[in-house]
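Read top to bottom, the protein sequences are chains P and Y.
Throughout the first sequence, residue numbering follows the numbering used here, covering 1 to 394 in sequence.
Throughout the second sequence, residue numbering follows the numbering used here, covering 1 to 270 in sequence.
Quick caveat, the hints were computed from the structure, so don't treat them as lab data.
We put the CB at the ideal spot given by N, CA and C, even for glycine.
There's no promise every hint is true.
[To be verified] Listed next, the stretches of chain Y that the computed footprint assigns to chain P, with coverage defined by at least 3 CB atoms under 8 Å from CB atoms of chain P:
id	segment
1	50-64
2	79-93
3	137-145
[As the list claims (entries may be wrong)] Label-pair restraints from in silico Cβ distances:
id	chain 1	residue 1	chain 2	residue 2	range
4	P	Ala46	Y	Pro163	20 to 26 Å
5	Y	Arg192	P	Leu153	38 to 44 Å
6	P	Thr192	Y	Arg117	41 to 47 Å
7	P	Arg149	Y	Gly87	33 to 39 Å
[Claimed, not checked] Among chain P residues calculated to face chain Y with C-beta under 8 Å, some are:
id	residue
8	Arg24
9	Val26
10	Pro32
11	Asn180
12	Arg184
13	Ser277
14	Gly278
15	His292
16	Gly293
17	Gln294
Here is how the chains run, residue by residue.
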Amino acid sequence: MTAHPPGLMGPPGRGGRFGEFGGRFVPESLVPACQELEEEFASAWADEGFRGRYRAILADYAGRPTPVTECHRLSERLGLRVLLKREDLTHTGSHKINNVVGQALLTARMGKSRLLAETGAGQHGVAAATAAALLGLECVVYMGEVDLRRQALNAFRMRLLGAEVRSVTSGSATLKDAINEALRDWVATVETTHYCLGSVMGPHPYPWMVRELQRVVGDEAREQCRRLLGGADPDYVVACVGGGSNAAGTFAGFVDTGAALVGVEAAGGAAMARGVSGVVHGMRSRLLQDEHGQVLEAHSISAGLDYPGIGPEHAYLGSVGRARYVQAGDDEVLEAFRLLSRTEGIIPALEPAHALAWVVREAGRELPRGSNVLITLSGRGDKDVAQVMDMLDG
Amino acid sequence: MASSMAVVGVGRLEAALRSGREAGRKLLVPYVTGGVVPSWLDVVEAVAEAGADAVEVGIPFSDPVMDGPTIQEASARALAAGATPEGLLDELGRRRPGVPLVAMTYMNLAERAGHRRFAARLADAGVAGAILPDLPLDEAGPWAEAAGEVGVETVLLAAPTTPDPRLRAICEASRGFVYGVGIMGVTGERDRLATSAAHMARRLKAITDKPVLIGVGVSTPGQARELSAHADGVVVGSALVRILLEGGGPQEAAAFVGRMRAALDGRREA
Numbered sequence: 001m002t003a004h005p006p007g008l009m010g011p012p013g014r015g016g017r018f019g020e021f022g023g024r025f026v027p028e029s030l031v032p033a034c035q036e037l038e039e040e041f042a043s044a045w046a047d048e049g050f051r052g053r054y055r056a057i058l059a060d061y062a063g064r065p066t067p068v069t070e071c072h073r074l075s076e077r078l079g080l081r082v083l084l085k086r087e088d089l090t091h092t093g094s095h096k097i098n099n100v101v102g103q104a105l106l107t108a109r110m111g112k113s114r115l116l117a118e119t120g121a122g123q124h125g126v127a128a129a130t131a132a133a134l135l136g137l138e139c140v141v142y143m144g145e146v147d148l149r150r151q152a153l154n155a156f157r158m159r160l161l162g163a164e165v166r167s168v169t170s171g172s173a174t175l176k177d178a179i180n181e182a183l184r185d186w187v188a189t190v191e192t193t194h195y196c197l198g199s200v201m202g203p204h205p206y207p208w209m210v211r212e213l214q215r216v217v218g219d220e221a222r223e224q225c226r227r228l229l230g231g232a233d234p235d236y237v238v239a240c241v242g243g244g245s246n247a248a249g250t251f252a253g254f255v256d257t258g259a260a261l262v263g264v265e266a267a268g269g270a271a272m273a274r275g276v277s278g279v280v281h282g283m284r285s286r287l288l289q290d291e292h293g294q295v296l297e298a299h300s301i302s303a304g305l306d307y308p309g310i311g312p313e314h315a316y317l318g319s320v321g322r323a324r325y326v327q328a329g330d331d332e333v334l335e336a337f338r339l340l341s342r343t344e345g346i347i348p349a350l351e352p353a354h355a356l357a358w359v360v361r362e363a364g365r366e367l368p369r370g371s372n373v374l375i376t377l378s379g380r381g382d383k384d385v386a387q388v389m390d391m392l393d394g
Numbered sequence: 001m002a003s004s005m006a007v008v009g010v011g012r013l014e015a016a017l018r019s020g021r022e023a024g025r026k027l028l029v030p031y032v033t034g035g036v037v038p039s040w041l042d043v044v045e046a047v048a049e050a051g052a053d054a055v056e057v058g059i060p061f062s063d064p065v066m067d068g069p070t071i072q073e074a075s076a077r078a079l080a081a082g083a084t085p086e087g088l089l090d091e092l093g094r095r096r097p098g099v100p101l102v103a104m105t106y107m108n109l110a111e112r113a114g115h116r117r118f119a120a121r122l123a124d125a126g127v128a129g130a131i132l133p134d135l136p137l138d139e140a141g142p143w144a145e146a147a148g149e150v151g152v153e154t155v156l157l158a159a160p161t162t163p164d165p166r167l168r169a170i171c172e173a174s175r176g177f178v179y180g181v182g183i184m185g186v187t188g189e190r191d192r193l194a195t196s197a198a199h200m201a202r203r204l205k206a207i208t209d210k211p212v213l214i215g216v217g218v219s220t221p222g223q224a225r226e227l228s229a230h231a232d233g234v235v236v237g238s239a240l241v242r243i244l245l246e247g248g249g250p251q252e253a254a255a256f257v258g259r260m261r262a263a264l265d266g267r268r269e270a
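Chain P on its own, in the form it takes in the complex (with noise of 0.2 Å):
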């Protein structure tokens, strides 16, 4: 194990640095409301009064803490022992709705009335919808229309929220497309709107800001396998990556513990494998693109993974070795939201599919026999049962 530098996953560098990634690249007209976010996000979370608020609406309304289950058929099957925090069963059914209920309490805080978010496989939008809903805010969501098609259900559920569901076109008409339209919104609304982004990405302070409404998961899953393994860390913790908010929100409660750390990409969308540093939606990251810098498409079974590029926090986890980043393969990601179907009764969403697949594959190879691997479940397979049942007769 090398030397890692200190504080990692604390408050990011000058100017939303993390290392050489991050910062805040937007049109001036975004800045100054990317700079009454940090602040109202800073003082926010060192307010009693509002973390209390966040924390009470996470347990009695969305269902936290949720568990940490431990799969004794798939252990058995796999020779290590696996444990999964289930964010699967939260309200709305994934990790997304952390976020959410802290950034929808900001909008309140910031006197602003209208909340928008862009969605790709459409449980950020849900969730969004939902939080606009409790507390009463108006909600648009950007959605392609590539991903409107496969999601349907989805974006008929946020319009019985109440929100507004716009379709993009533009472009590959999925999520990269859909985040720009939400900021072509931002800059002409900017005044009276919040822009809930979905992930750890974007303009400083949203890498930061999503992390820290996500590290609830981390935090819980912690002191959870702590009861569990007697008082030891998991040997290894795995969530999937698009963005990257599971996982930053998992990886930000093992920081500091030997466990190592692994993100799963789609193999089709695998900014860190095959990515290069670029700037787009407002961050320096790795980012899929071409030799002249023009962004590519991702393509991957799970809508929510198919992204170019990923969060900055985690291209700097990547580089100074704190993080692995791997891929999974459409085929072992349906065989393994099969397998934990059968072997646990749980189906699973076909994002945290991935970081199941990948442990599937490499145990007793790279993860030794006996291991104590803790997977994020970050959401459940309702979602995407249709498209699966069409995968599988076709």
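Put chain Y on the given structure of chain P with help from the hints.
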């Protein structure tokens, strides 16, 4: 040029704009997306001859967040036709329109090539200035330095939401001119000139001697003329690009810019 000698460190773009202003002209900078139509280089030359003081050339990027539907469409068309930054700049470098050229693009193209290499490519193509809308003041340092070393002036944007102390810092750091964003929103035509446009111009003129141009939401000769009471000039993009997207060529583009020129001159004579 006498005016360029008068202020130490003033570059080619700023010198040209200052000398236009000193001659009593209101400044006009049309924008053309590189590669949007096969005749785009002729369009650049035609609008230069029709009365532009500089021409802004867009180098298309896949994810243009500051641009509305018209320039998004133009960028997408150019990229689909195979436009690359190197290719466009090579072609541009073979023409020398009689006015300064300003490249407008997004930061990632400079990141990908490397700041020094990208700046050198601009300079080799005869480009005098660069506008990067996703590169605000706080992040501009390393790029602006690399560009400055090869004589490329980095134009910074100021927005209606920018508070006064920051506005002064932007004016201080901007080179070539100061680009005031006329409206809260992305590029695109608007039926009416926003009140924020004149307000932006007045705030900038009160604190800087550098040329102040207003762009975003300036679409018609009438709007340009109205704004020229407050600003040194205007940038006009989407209205011109739409003419090209609708099948117009160098002649139609020049006619539009000629009308803008006449409106600006008429304001001066009035």
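Comparing the hints with the structure gives:
1. Remark: the segment 50-64 of chain Y is confirmed as covered by chain P, as 4 of its residues place a Cβ nearer than 8 Å to a Cβ of that chain, reaching the required three.
2. Counting residues of the segment 79-93 of chain Y whose CB falls under 8 Å from any CB of chain P gives 4; the rule of at least 3 is met.
3. With 3 residues carrying a beta carbon less than 8 Å from a beta carbon of chain P, the segment 137-145 of chain Y meets the three-residue requirement, and the given coverage holds.
4. Between P:Ala46 and Y:Pro163 the beta carbon distance is about 24 Å. The supplied range of 20 to 26 Å therefore holds.
5. Take Y:Arg192 and P:Leu153: their Cβ atoms lie about 42 Å apart, and the range 38 to 44 Å holds.
6. For the hinted restraint 41 to 47 Å between P:Thr192 and Y:Arg117, the CB-CB distance of approximately 42 Å keeps it satisfied.
7. The beta-carbon spacing between P:Arg149 and Y:Gly87, approximately 35 Å, falls within the hinted interval of 33 to 39 Å.
8. Among the interface hints, the one on P:Arg24 holds; its C-beta lies about 6 Å from the nearest C-beta in chain Y, closer than the 8 Å criterion.
9. The beta carbon of P:Val26 is positioned within 8 Å of a beta carbon in chain Y (closest approach about 6 Å), and the interface hint is therefore held.
10. Annotation: P:Pro32 was flagged as interfacial toward chain Y, and the flag holds, the nearest CB pair being 5 Å apart, inside 8 Å.
11. The restraint placing P:Asn180 at the interface with chain Y holds, with a minimum CB-CB distance near 5 Å, inside the 8 Å limit.
12. Proximity of P:Arg184 to chain Y holds as hinted, the smallest CB-CB distance being about 5 Å (cut-off 8 Å).
13. Restraint check, P:Ser277 versus chain Y: the minimum CB separation of about 7 Å is within 8 Å; hint holds.
14. Satisfaction of the interface hint for P:Gly278 is found here, the shortest Cβ-Cβ separation to chain Y being roughly 5 Å, below the 8 Å cut-off.
15. The restraint placing P:His292 at the interface with chain Y holds, with a minimum CB-CB distance near 5 Å, inside the 8 Å limit.
16. Because the beta carbon of P:Gly293 sits about 3 Å from the nearest beta carbon in chain Y, less than 8 Å, this interface hint is met.
17. Of the supplied interface hints, the one on P:Gln294 holds, with its beta-carbon coming within about 4 Å of a beta-carbon of chain Y, less than 8 Å.
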